[in-house]
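So for the sequence shown, the numbering used here puts the first residue at 1; every next one is plus one.
Here are the simulated DSBU-like pairs of lysine-lysine, each with C-alpha atoms no more than 35 Å apart in a straight line:
1) Lys172 <-> Lys139
2) Lys172 <-> Lys217
3) Lys139 <-> Lys73
4) Lys171 <-> Lys265
5) Lys131 <-> Lys159
Using C-beta positions, here's what the derived DEER-type ranges look like:
6) Ser128 <-> Ser300: 32 to 42 Å
7) Asn66 <-> Lys171: 16 to 26 Å
8) Gln165 <-> Leu293: 47 to 57 Å
9) Gln165 <-> Ser300: 39 to 49 Å
Please keep in mind that the hints were generated in silico from the structure rather than gathered at the bench. Virtual Cβ for every residue (Gly too), placed ideally from N, Cα, C.
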Amino acid sequence: MEQGENSKTFSNVSGHVEEGKTDEIIDEVNFIGPRVQKKDETERRTDDDKKDDEKDDILDIDFTTNEEIEKMKLGQKVEIIGYVDEVEACHMAGNYLLFKFILNNNNGKRLQVVAWREEAERTEAEISIYKIIYLEKAKTKIINSYTGGNHKNFEISIKDDTIIQGLGTMKKKHIRVISSYDSKVEYPLVNLDQIQGNLLPTIMRTWGFLKTTFSVKSTGTSTRNEATSYNTDGNLKLEIRILNYSANDLCQGNHVEVIGFPEIKDNYLVLTVETINEMRKMSNKIEPLKWLLKGKNSISVPEYNKRQKLN
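Please model the complete structure; the sequences and the hints are all you need to start from.
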């Protein structure tokens with residue numbers, strides 16, 4: 001545009017303006033520079049602000065409660081709402097394609113969801129970390145393999161008529177991490193030497209001394225790291241898997257109590273715990289490295305179904 005044209009354009013707004021016409025004239029020359037009148041609060045909000053408001057709508061979604069999950073029975077067709085906090089990509093399990101993910105109800109329950117064969121690829125296309133998922137006509141079934149969830153009564157199976165609907169994305173600030181100690185339940189105490197040969201409770205307490213420091217690994221998400229350590233009584237050792245690890249003041253040799261879910265992995269027992277808050281100091285006693293290294297016998301659990309109920 002020539003300078004003269006610019007001057008001419010500005011001259012149209014530099015003279016007398018009738019009352020009430022200011023906004024109209026500013027609109028006419030808006031292409032030259034930014035508006036000079038003050039925008040109202042709605043106009044000034046950015047697209048990101050509006051997107052944040054949309055995401056905050058998830059607070060109006062009723063996730064499936066712990067009580068509703070506990071009432072579900074094996075073999076039922078159920079509906080369930082939660083957010084995805086762990087994904088295991090499609091892979092071959094034996095002769096069949098398998099896809100798994102963990103659905104979290106944001107109140108302490110993490111359920112394994114599985115999809116086999118044709119349903120595996122269909123389900124994988126719908127699932128991503130932190131996505132809020134509504135499942136309709138999914139089926140509860142016996143857990144046949146190692147599960148990363150903490151609900152051991154059943155897992156959820158995707159069928160050909162299961163409806164999978166995304167309801168939004170879970171914001172990190174809304175994610176709750178629940179400690180077993182918060183429930184005030186007195187879980188049964190199981191010594192390490194009681195594990196082999198006994199049928200264990202779904203959730204248990206055990207004690208020992210931290211044999212190793214924490215080995216931390218990323219889960220591929222920005223909010224959660226896993227960690228592994230070992231507990232020992234000076235003879236046996238138990239692997240501890242922490243799903244939501246965070247910095248803490250525990251150190252090698254500490255006398256600790258742990259609350260977790262006993263699971264079998266490669267014929268050995270692993271105690272899976274939700275957070276580092278499930279591990280607490282029992283005393284100020286610290287065992288030296290020489291003593292800790294004596295605890296080198298892993299706890300094998302062959303023929304699990306033949307074990308006796310713990311007295």
